[in-house]
Amino acid sequence: MICDRRKFIGRSIRAALAASAWGGLPVLDLLLVPPAMAATPPLAVRKGRDVPALVRETLAALGGMGRFVKAGETVVVKPNIGWDRTIDQAANTHPLVVRTVVELCLDAGAKHVRIFDRSANDPRRCYVQSGIQEAVEALRSDRVEIGYIDRRAFQELGIHNGVALSRWSFYRPAMEADRFINLPIAKHHSISKLTLGMKNIMGVIGGDRGVLHRKIEESLADINTVIPSDLTIVDATRILVANGPQGGRPEDVRVTDTLIASPDIVAADSFAATLFGYHPGDIPTLVSASRRGLGTMDLDKVQRV
Amino acid sequence: MKNLGRRGISWSTWRKASQTACLAGFLWLFMLTEYRGLDEIPYPVSLLFRIDPLAALADLFAPGEFGWRVLWPALVLLVFTALFGRFFCGWICPLGTTLDGCGRLIGRGRRPFRRGWRRAKYYLLIGLSAAALFGIQLLGLFDPLAIFLRSLTFSLYPAYNLGLNRLFDFFYDHRIPILSPLVNGSYDFFRDHLMAFHQPTFNLAFFTFLVFLLLLLLERAEHRFWCKNICPLGALLGLCAHRALLHRSPATLCADCRVCDESCRMRAMEGEGHRREECVLCMDCTGDCPEEKVTFRLYPENGGKTPSVDLERRGLLTAVAAGLVAAPVVRMTPETARTNPYLIRPPGATAEEEFLARCVRCGECMKVCIGRALHPALDEAGPVGLWTPLLVARIGYCEYNCTLCGQVCPTGAIERLSLEKKRKVVIGRAVFDKNRCLPYAKKEECLVCEEHCPTGEKAIVFDEKVVDADGAPRRLKLPRVVDKLCIGCGICETRCPVEGASAVRVVNEGEARRRRDPWA
Numbered sequence: 001m002i003c004d005r006r007k008f009i010g011r012s013i014r015a016a017l018a019a020s021a022w023g024g025l026p027v028l029d030l031l032l033v034p035p036a037m038a039a040t041p042p043l044a045v046r047k048g049r050d051v052p053a054l055v056r057e058t059l060a061a062l063g064g065m066g067r068f069v070k071a072g073e074t075v076v077v078k079p080n081i082g083w084d085r086t087i088d089q090a091a092n093t094h095p096l097v098v099r100t101v102v103e104l105c106l107d108a109g110a111k112h113v114r115i116f117d118r119s120a121n122d123p124r125r126c127y128v129q130s131g132i133q134e135a136v137e138a139l140r141s142d143r144v145e146i147g148y149i150d151r152r153a154f155q156e157l158g159i160h161n162g163v164a165l166s167r168w169s170f171y172r173p174a175m176e177a178d179r180f181i182n183l184p185i186a187k188h189h190s191i192s193k194l195t196l197g198m199k200n201i202m203g204v205i206g207g208d209r210g211v212l213h214r215k216i217e218e219s220l221a222d223i224n225t226v227i228p229s230d231l232t233i234v235d236a237t238r239i240l241v242a243n244g245p246q247g248g249r250p251e252d253v254r255v256t257d258t259l260i261a262s263p264d265i266v267a268a269d270s271f272a273a274t275l276f277g278y279h280p281g282d283i284p285t286l287v288s289a290s291r292r293g294l295g296t297m298d299l300d301k302v303q304r305v
Numbered sequence: 001m002k003n004l005g006r007r008g009i010s011w012s013t014w015r016k017a018s019q020t021a022c023l024a025g026f027l028w029l030f031m032l033t034e035y036r037g038l039d040e041i042p043y044p045v046s047l048l049f050r051i052d053p054l055a056a057l058a059d060l061f062a063p064g065e066f067g068w069r070v071l072w073p074a075l076v077l078l079v080f081t082a083l084f085g086r087f088f089c090g091w092i093c094p095l096g097t098t099l100d101g102c103g104r105l106i107g108r109g110r111r112p113f114r115r116g117w118r119r120a121k122y123y124l125l126i127g128l129s130a131a132a133l134f135g136i137q138l139l140g141l142f143d144p145l146a147i148f149l150r151s152l153t154f155s156l157y158p159a160y161n162l163g164l165n166r167l168f169d170f171f172y173d174h175r176i177p178i179l180s181p182l183v184n185g186s187y188d189f190f191r192d193h194l195m196a197f198h199q200p201t202f203n204l205a206f207f208t209f210l211v212f213l214l215l216l217l218l219e220r221a222e223h224r225f226w227c228k229n230i231c232p233l234g235a236l237l238g239l240c241a242h243r244a245l246l247h248r249s250p251a252t253l254c255a256d257c258r259v260c261d262e263s264c265r266m267r268a269m270e271g272e273g274h275r276r277e278e279c280v281l282c283m284d285c286t287g288d289c290p291e292e293k294v295t296f297r298l299y300p301e302n303g304g305k306t307p308s309v310d311l312e313r314r315g316l317l318t319a320v321a322a323g324l325v326a327a328p329v330v331r332m333t334p335e336t337a338r339t340n341p342y343l344i345r346p347p348g349a350t351a352e353e354e355f356l357a358r359c360v361r362c363g364e365c366m367k368v369c370i371g372r373a374l375h376p377a378l379d380e381a382g383p384v385g386l387w388t389p390l391l392v393a394r395i396g397y398c399e400y401n402c403t404l405c406g407q408v409c410p411t412g413a414i415e416r417l418s419l420e421k422k423r424k425v426v427i428g429r430a431v432f433d434k435n436r437c438l439p440y441a442k443k444e445e446c447l448v449c450e451e452h453c454p455t456g457e458k459a460i461v462f463d464e465k466v467v468d469a470d471g472a473p474r475r476l477k478l479p480r481v482v483d484k485l486c487i488g489c490g491i492c493e494t495r496c497p498v499e500g501a502s503a504v505r506v507v508n509e510g511e512a513r514r515r516r517d518p519w520a
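Just so you know, the protein sequences line up as chains R and G, in that order.
Every letter in the first sequence is one number past the one before it in the numbering used here, and letter 144, counting from 1, is 144.
Every letter in the second sequence is one number past the one before it in the numbering used here, and letter 190, counting from 1, is 190.
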C-alpha cells in the first residue's frame, strides 16, 4: 500500500500537534509510523548486465511501476547527479537506470516527470559528465523535464518531529509532486559510512548542507520525514567502495550488477549495505531511521520478491 | 582617387554601423566566455586582446618568448594602422563606442583643456614602456580594452544580472495574472543564453565601476577626453598612423571657416594641418563641411606637409625617467608571493614575476571561471598586482575537471594546460586551523572537506580517535591533509561549514609555478 504524500505530511503534522498537546514526546515516534511501512515491506533484488532489462525486471518483481505511479500523476525522479564524474567512476546514478525508470513512469501514465538534483560540483558539468542529461533528453518526450535546481523554489519549513533539525529549507517541486522516486547510487562515504537512498534526499534540500554532518544520522531521518520516498531504487550496478562519495579512481569501483528496489527506503538501503560487507546495524543512519519508524532494517522481516 | 564621401550612405553612418556591430560582436564574445556544456570553448572569446597591440607590447617586454601564435592579429592591426590611420579608435574600439554612445546621455563640456594635453598620452605610453622594459608592467591598467572588459566583467554584467534576477524573482514570488506566466516562461531562455548561470559577484566590483564612471564623466569635460589625451593604445596607434597613406583633403583649415575644427572629436585639425596620428577617421567632417569639400584620399595633396608629433624633450625625459624609477620604487616592498601566503594564482599561471609582466588585467579568466573562484586583487599581489586574478577559495573553488582560464588567457600569463596536467598542478595546499575545525575544537563530527576533496585518492584523510568531550569519551574522525596529494583547489575551504573564516585554508606553499629560491 502506498501512502499519499499530502496525507502523510498532513497526518504527521496533526499527529505532532496532537502529541505536543498531549505533552508526551515519546509517543511521537509511535504515532508517526507511516502506514505505508508495512510490517513486511517487499524488497526486490535482481542482478544483470543489461541495465534497462535489469530495471524492468526489478520493477516487475515489485508488481510493476503501475503500483507506484498512477495515470495523470506528477512524478519526481531523483537520481544522484552530485559530482563532475563519468559513468564508470561510479559517483552518479547510472544514466540508463534513470532513463528506464522515467520510461516506466511514462508507460504507467505519468502526466509529468521531473528529474533534478542539487549537485555538489557545478551543476552544468555534473549534468553533462554524468551522462544523465543526454540519456533523459534522448527520450524526446514533452512530459519529461530535466532541469537544474531553481534557487527560487526553496521553502523553509518547520520539522515538527525533528530531532537534529527543527527547521530547514526544502525544494518545493520535490514536495509538491504526487510521487517521489528515489534513485541513489550506492557509495562509500566517510562520515555516514555509506551514502544510499536516505542520504540522496540531501539533493532536494537547501541551506548549507555541510552543517548536517554534525549529526548526520538524525538529520537524515529528519529530512526523510519531510520528503518520504514512494519508491527507492538503489543503483548498485557498480559501487564505490572507497574515496567516496566523489571517487575518481577506477581501483575503488566494484562492478556488482545489482539493482535493489523497495517502497521501504530503509529496507532498500539496508540490503545495499550488505553489498559492502556491512550489517545494516553498522550504519547509524539506518539504525536511527528504523528506530524512528521510517522503515525496517531487519532484512529477515522483509518480503523478498 | 575617387571621392570617398559621396556614395549614398554617408561615411559617418558606415562608421556608426561598424561601431555598433563591433560592440555587439564583442558583447557576444563576452557572453560566450562561459562554460556551455563543452570542456573546450570553441569560440575565440579573447579576440579583443589578441588584436590588442598593448597586450602584444606587454608580451614583448615580458620574459620568455613572444607569443606569435596568439598575438599575430595585433601586429596585423599595427600594419593596417600604418597604412590607414587610427581607424581602430573610431570604428572598432568598444570603449570609444561606449564613450561616443554615452556622451549624449551625460552631456558634453565646452573644451576647457588646451590642445597640448594630447601629448600626455604619448608620455604615458613611453613611461609605461620604460617601466615594462625594467620589469614593471602597468600597461594593462591603462589599456582601454582591458578597462572595457574589466568594467563589464566585474561591475556592469553583475549589475545587469542582479537587475534581471530581481525582476524574475519578483514575478516568481508575486503571481500577477498574465505577466507572471509570461515572465516565468522566458526565464529558462534568459538563464541559458542571456544571463550568467550563477549570479556573478566580484571583489573590487564597486572600485572598478568607479573607474569606469570616471572615464564616462570625463566626457562631460570634453568629447573623447580619454582617447585624445590619456589612452596609451591611442598613442601607440597614433605613432603608427603618423605617416599613414590615407590623407584628408584639404589638409589645412580654410581661412574663413572653422566648422570642422569645432566639431572634431579629436581636435585633429590644427593650424599646421591635419594630424593623422590624432584623427580617428570618424568622417564627421566629410558631412559637416558646408562646402562639402572634405574628402579622404590615399595620396597626399600638394606635397603633403605632415605636422610632427612635437613631443617636448622635457616631457619625454620625465616620462622615461618616471618609468625607470618605477621599477626600483615598486621593488621596495617585500616580495608579495612570499609574504602573502594567500596569494593563490590560477592553475597554469607562470612564475609570479613573469605572471605580473604578462597579465594585462583583462579579466577574461575571472569571467570564465566556472567555480567563481577568481577575483581581482587590490594589493594582495603587491602594488602592481591591481586587478590580477586571485583565487579566493572561501568564495569559490577551482573545479577539478576545468581548464577554461588557461584557454581564454590572451597573453599566456596563464598557460593552457591539458586536463591531465591541470589535475596535477599544485596551486597551493590546504592547512587546517585546529582551533576552529569542528572535530578538533568542538569535538563534533564534520568531515565535509574530506567528502568534497576531488583528487582520486583523497588529499584529506582522517584519523579515528577517542577524544575527551566534556568528560565523556567520544569517537571522532579527525581530518588531516596529505601534502603530496593536495593540489590546493580550495573546495574544502569553500565548503567548510564553519561560519566566517574557514577552518581549512589554502596557502600558496609548494605551488608548482614557483621558481627555486636562488639563495637556497
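These are calculated hints, taken from the structure and not from any lab test.
Model, not experiment: these values are computed from the prediction.
It cannot be assumed that every hint is accurate.
[Unchecked claim] SDA-like, lysine to any residue: derived pairs with alpha carbons at most 20 Å apart:
| id | chain 1 | residue 1 | chain 2 | residue 2 |
| --- | --- | --- | --- | --- |
| 1 | R | K215 | G | K484 |
| 2 | G | K421 | R | R249 |
| 3 | G | K477 | R | R209 |
| 4 | R | K215 | G | K424 |
| 5 | G | K477 | R | T86 |
| 6 | R | K215 | G | K477 |
| 7 | R | K193 | G | K421 |
| 8 | G | K477 | R | V241 |
| 9 | R | K193 | G | L32 |
| 10 | G | K484 | R | V287 |
| 11 | G | K443 | R | A242 |
| 12 | G | K477 | R | K301 |
| 13 | G | K424 | R | M175 |
| 14 | R | K215 | G | K421 |
| 15 | R | K215 | R | A135 |
| 16 | R | K193 | G | K484 |
| 17 | G | K443 | R | R249 |
| 18 | R | K301 | R | V287 |
| 19 | G | K465 | R | D282 |
| 20 | R | K193 | G | E464 |
[As the list claims (entries may be wrong)] Example chain R residues on the side facing chain G (calculated, C-beta under 7 Å, incomplete):
| id | residue |
| --- | --- |
| 21 | V128 |
| 22 | H188 |
| 23 | I191 |
Backbone N, C-alpha and C define an ideal beta-carbon position, used for all residues, glycine too.
Status of each hint after checking the structure:
Between the alpha carbons of K215(R) and K484(G) the distance comes to roughly 31 Å, so the proposed pair goes past 20 Å and is violated. Distance check on the hinted pair: K421(G) and R249(R) sit about 16 Å apart at the alpha-carbon level, within 20 Å; holds. Simply put, K477(G) and R209(R) have alpha-carbon atoms about 18 Å apart, close enough for the 20 Å limit, and the pair holds. For the suggested pair K215(R) and K424(G), the alpha carbons sit about 34 Å apart, so the restraint of at most 20 Å is broken.
Pair hint K477(G) plus T86(R) does not hold up; C-alpha atoms about 29 Å apart against a cutoff of 20 Å. Between K215(R) and K477(G) the CA atoms are separated by roughly 13 Å; this keeps the pair inside 20 Å, and the hint holds. Note on K193(R) and K421(G): the hinted pairing is violated, with a Cα-Cα distance of about 32 Å set against a maximum of 20 Å. Restraint check for K477(G) and V241(R): the C-alpha separation of about 18 Å stays at or below 20 Å, so the hint holds.
The suggested pairing of K193(R) with L32(G) is violated, with an alpha-carbon distance near 42 Å, which exceeds 20 Å. Taking the CA atoms of K484(G) and V287(R), the gap is near 37 Å; set against the 20 Å cutoff, the hint is violated. For a cut-off of 20 Å, the pair hint linking K443(G) to A242(R) is broken: about 25 Å separates their Cα positions. Distance restraint check for K477(G) and K301(R): the Cα-Cα separation of roughly 33 Å exceeds the 20 Å cut-off, and the hinted pair is therefore not satisfied.
Taking the CA atoms of K424(G) and M175(R), the gap is about 42 Å. The hint is violated against a cut of 20 Å. In summary, the hint linking K215(R) to K421(G) is not supported, as the alpha carbons are separated by about 38 Å, beyond the 20 Å threshold. Annotation: proposed proximity of K215(R) to A135(R) is violated, straight-line Cα distance about 36 Å (limit 20 Å). For the hint linking K193(R) to K484(G), the alpha-carbon distance of about 25 Å lies beyond 20 Å, and the restraint is violated.
Distance check on the hinted pair: K443(G) and R249(R) sit about 31 Å apart at the alpha-carbon level, beyond 20 Å; violated. Between K301(R) and V287(R) the CA atoms are separated by roughly 15 Å; this keeps the pair inside 20 Å, and the hint holds. Taking the CA atoms of K465(G) and D282(R), the gap is near 18 Å; set against the 20 Å cutoff, the hint holds. Between the alpha carbons of K193(R) and E464(G) the distance comes to roughly 13 Å, so the proposed pair stays at or under 20 Å and holds.
Below 7 Å, beta-carbon pairs count as interface contacts, and V128(R) has one with chain G at about 5 Å; its hint therefore holds. Below 7 Å, beta-carbon pairs count as interface contacts, and H188(R) has none with chain G, the closest being about 11 Å; its hint is therefore violated. Because the smallest distance between the Cβ of I191(R) and any Cβ of chain G comes to about 4 Å, under 7 Å, the interface hint for this residue holds.
Checked against the numbered hints above, the structure breaks hints 1, 4, 5, 7, 9, 10, 11, 12, 13, 14, 15, 16, 17, 22 and satisfies the rest.
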